[in-house]
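Participant: Heads up: the sequence lines are chains A and B, in that order. For the record, in the first sequence the residue sitting at position 7 is 7 according to this note's numbering, with numbers rising by one throughout. For the record, in the second sequence the residue sitting at position 247 is 247 according to this note's numbering, with numbers rising by one throughout.
Worth flagging that the hints you see were computed from the coordinates, not collected in a lab. It is possible that part of the hints are untrue.
[Claimed, not checked] Capping the alpha-carbon separation at 16 Å, the derived lysine to aspartate or glutamate pairs in EDC-like fashion look like this:
| id | chain 1 | residue 1 | chain 2 | residue 2 |
| --- | --- | --- | --- | --- |
| 1 | B | Lys6 | B | Glu227 |
| 2 | A | Lys246 | A | Glu223 |
| 3 | B | Lys150 | B | Asp229 |
| 4 | B | Lys148 | B | Glu307 |
| 5 | B | Lys200 | A | Glu266 |
| 6 | A | Lys251 | A | Glu222 |
| 7 | A | Lys423 | A | Asp412 |
| 8 | B | Lys148 | B | Glu27 |
| 9 | B | Lys148 | B | Asp278 |
| 10 | A | Lys188 | B | Asp229 |
| 11 | B | Lys95 | A | Glu103 |
| 12 | A | Lys144 | A | Glu208 |
| 13 | A | Lys314 | B | Asp229 |
| 14 | A | Lys396 | A | Asp70 |
| 15 | A | Lys314 | B | Glu286 |
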Amino acid sequence: MSILIKGGRLIDPVNKIDGVLDILVEENQISKIGKNIKPSADTIIDAQGKIIAPGLIDMHVHMRQPGREDKETVATATAAAAKGGITTVLAMPNTTPAIDCAEHIELLQGIIKQDARINVLICGTITKGRLGKELSEITELKQKGAHALSDDGSSVDDDALMRQALQKAQQAGILTICHSEDKRLSGKGVINLGFNSTRLGLRGIASESEYKRVSRDIQLAEESQAPIHIAHVSCRESIEIITQAKKKGIKVTCETAPHYFTLTEEDVLGYDTNMKMNPPLRSRLDLAAIKQGLKNGAIDCIASDHAPHTENEKDIEFERAEFGVIGLETEFAVSATELVHSGALDWSKLIEKLSVNPAKILGIDRGDLGQAKVADIVIIAPDQEWKVEKNSLISKSKNSAFIGRSLKGAVDCTICSGKIVYKR
Amino acid sequence: MPWTKKDLLGLEYLTAEEIELILETAESFKEVSTREIKKVPALRGKTAVNLFYEPSTRTRVSFEVAAKRLSADVINIATETSSVRKGETLIDTGKNIQALKADIIIMRHNCSGAANMLARALDISVINAGDGWHEHPTQALLDIFTLKEKLGKIKGLNVTIVGDIAHSRVARSNIWGLTKLGAQVTLCAPEMLLPVEIEKTGAKISSNIDEALKNADAINVLRMQFERDEGAAFPEQLDYYKKFGITEERLKKAKKDIVVMHPGPINRGIEMSSEVADGKNSVILEQVTNGIAVRMAVLFLVAQAKEAGQ
């Protein structure tokens, strides 16, 4: 089985390539890159006017399986990811049961083996049952193949326990991902605290519930010398704190999600529950700071925080609706529209945020189109315009914040391990 | 200017002209309640449903009286007697009422934004009779109607709202309505009962009731909404009364003909003294009477808009 992609603009930031080149895939590997490769492959793709990039990597995805197959499954999430140009995802462990021991990781691995269309990496929990009381078997999770640890959805409130977790993770050589939120400060809030929460008569969530915990997590990372990754950064103060930490040489990386550089608290004014997520949509100042952070490197990567919920859980009163939005199918196009076409980033920088950097953070040999590398490739139509339609979403849940939005930039084809897993 | 909206969700969403139109329409309906036969056929053959998810007597009865004086049929649904307790979603309940061919839903709900959501999901009219901490537009309209009746105008008036602003939909609707009509609103409350950045509405803030009363043409006194925020901090009652309670002594230092309003029910001795509640400046019962005219106007206008739209 071989695929020849001809005449596209190959952007491979790791190997500092940006030019019109052909790329030949044989079996599951990249076998040749060059000009005018002889067209003798089983499949030939004409990629003129297209961008060829390493497959995208989304390190924050809620697959909901096992336990909430009514929201999403490994099969549906990976199909949606493939449609979004994504070839690797990191599955968050807040499932039922939570991925907190060898048995549960094996259960999920079985499902992945059977149903996944793309690479699915597993994130284990920091604490048993994500309860923040007792550490998971961190070494065992690492040995069984977990790529990171997180209690995502909750933060480990107990400083001593978190310090201990980071020490264990450091010894085991596994990354810790922090959902940095102090629930004592965010309380029962449902949207960003400010004039808009006052207008809407909804309880607010102050930014300090995020950045104070970011600050604590960084302090513990410094003490324990363990690398940490801050999930879904949404406010300007967090970015400032992370910037300072990086300057000090602390091993911290972070991500933001497309909705935080596209939407603000003002998009909640119609009580649309698809605008309800945690952390909440913030102010215009925060949005500007997020874009700036992506530009200057304070923010390493973009992750969707894909959080599917059924209509029963979303199409209800705002304060009762679940937090979270889906994002796999729109992540690339929203990023292209808001960051590249707006002039904030160039294509190469965007590919770093969506592929190269998450690969580095997770320590996986991906995000690189070099010779003999695994052929995870995305073909992009950079100027293709399209509109997000609810009925066209293939994720099992339809809770997208971008329904009805016009986007510029589309995924044409996704290749994972040398196989075409999506074609527009 | 004709009325074009199928719903009334809040005063934030209305223009000054639309608010004026409601007030003018209410003026012409007020007379109906003074007739021997208190009925006009304006909404004959229409069905209005009172859908109340929160206990309320005065607002529900006021809407019922208003609808009946317009000859509409009225059905009351309270949560205890409906399928709501069985876990039916709000939208499903609304769609069922629509399928019964009702014309207007008047809803009281404990969640902010519930009326907005229902209005979006339905073709029939939705009137917000209070949603969470968000808005209570007909209460503010009747407050404004009463003020205008007493003082002849709204533009240029100084209106002080005192009490639990944070949890009050009445406060929010009054701020929007009064500000749009050109009044200057001053909010007076302990800091813990002021919502963040409320001054962005154009309202002034004062923490001293005597100062807030000094130039006030009217004062609207709110109730503590203990039931709307479990676990939140509230001031100690006696202490609150000492610092913010409206007493005759305090009123003596205010304008002589200051108009004293209260949306009810009153907690005598907590937010105002009995003497003030029953005193010569109080218009509390007139507010109740005017509520009928204002609600008749709103029912009439949304029904008319619905017809014109079809």
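Participant: So if I understand the rule, the pair passes when the alpha-carbon distance is 16 Å or less; does Lys251/A with Glu222/A pass?
Facilitator: holds, 7 Å
Participant: Holds or violated: Lys423/A with Asp412/A, Cα cutoff 16 Å?
Facilitator: holds, 6 Å
Participant: Could you grab the alpha-carbon distance between Lys95/B and Glu103/A and see if it respects the 16 Å cut-off?
Facilitator: violated, 46 Å
Participant: Given the hint that Lys188/A pairs with Asp229/B, test it: the Cα-Cα distance must not exceed 16 Å.
Facilitator: holds, 10 Å
Participant: Is Lys148/B within 16 Å of Glu27/B, Cα to Cα?
Facilitator: Given pair Lys148/B, Glu27/B holds - Cα atoms ~11 Å apart, limit 16 Å.
Participant: Holds or violated: Lys246/A and Glu223/A, Cα atoms, limit 16 Å.
Facilitator: Holds: Lys246/A and Glu223/A sit about 14 Å apart, inside 16 Å.
Participant: Lys314/A and Glu286/B were given as a pair; does the straight-line alpha-carbon distance stay at or below 16 Å?
Facilitator: violated, 42 Å
Participant: Going straight from one Cα to the other, do Lys150/B and Asp229/B come out at no more than 16 Å?
Facilitator: violated, 34 Å
Participant: With a cut-off of 16 Å on the C-alpha distance, tell me whether Lys314/A and Asp229/B pass.
Facilitator: violated, 23 Å
Participant: Does Lys6/B pair with Glu227/B here, judged by a C-alpha cut-off of 16 Å?
Facilitator: violated, 31 Å
Participant: Assess, step by step, whether the Cα of Lys200/B is no farther than 16 Å from the Cα of Glu266/A, and give holds or violated.
Facilitator: holds, 14 Å
Participant: Does the structure keep Lys148/B and Asp278/B at a Cα separation of 16 Å or less?
Facilitator: violated, 21 Å
When each numbered hint is compared with the structure, violations occur for hints 1, 3, 4, 9, 11, 12, 13, 15.
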